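Enquirer: Following our numbering, the numbering of the sequence shown begins with 6 at its first residue and continues without gaps.
Heads up, a few of these hints could be off.
[To be verified] Have a look at the derived ranges for each label pair, beta carbon to beta carbon:
hint: 1; residue 1: E117; residue 2: A55; range: 14 to 20 Å
hint: 2; residue 1: G62; residue 2: L23; range: 36 to 42 Å
hint: 3; residue 1: G129; residue 2: G62; range: 37 to 43 Å
hint: 4; residue 1: D86; residue 2: Y120; range: 17 to 23 Å
hint: 5; residue 1: D116; residue 2: T22; range: 34 to 40 Å
hint: 6; residue 1: H90; residue 2: G129; range: 40 to 46 Å
hint: 7; residue 1: R76; residue 2: K50; range: 36 to 42 Å
hint: 8; residue 1: A49; residue 2: D116; range: 21 to 27 Å
hint: 9; residue 1: T103; residue 2: E9; range: 15 to 21 Å
hint: 10; residue 1: G43; residue 2: H90; range: 20 to 26 Å
hint: 11; residue 1: P53; residue 2: D86; range: 15 to 21 Å
These are calculated hints, taken from the structure and not from any lab test. None of the values given here were measured: they were computed from a predicted structure. A virtual CB, placed ideally from N, CA and C, is assigned to each residue, including glycine.
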Amino acid sequence: MSGEVEQQDGYYGIWFTLGQFAPSGDEQSPYGDKYSGGLGTYTAKHCPLAIYDDIVGKTFFVYGGARDERRHLLAMIGAYDHGTHRLCSPFVVHDKETVDDHHDNPSIAQDENGYLWVFVSGRGRAR
């Protein structure tokens, strides 16, 4: 990461579709993909997604975001202030550029010194 942090104007999770079809292959399934839609916190194996820091009174959380119609994955971090009951505007932690796969969503941890660590996964050897 270059050290420059990009702040976003709101929370926009990544949307995904496999484009699966019905068994006949002639038409789309009336039930849609086995997973599709808003998948900003997919999968259940990416954990934890949030950390509460009692010293600052905030919950920090990560999710897979996107901007506009490009739909490539952005590893995002946001915070909820329990004192003011407000969310901060989220920040891009890492831009996956051409990746649109929610399997690469981030997870978060906090060390004993209070530093937050965001881990960004990668699927396969190509990324």
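Enquirer: Which earlier hints turn out false for this structure, listed by number in ascending order?
Expert: Hint 7 contradicted; others consistent.
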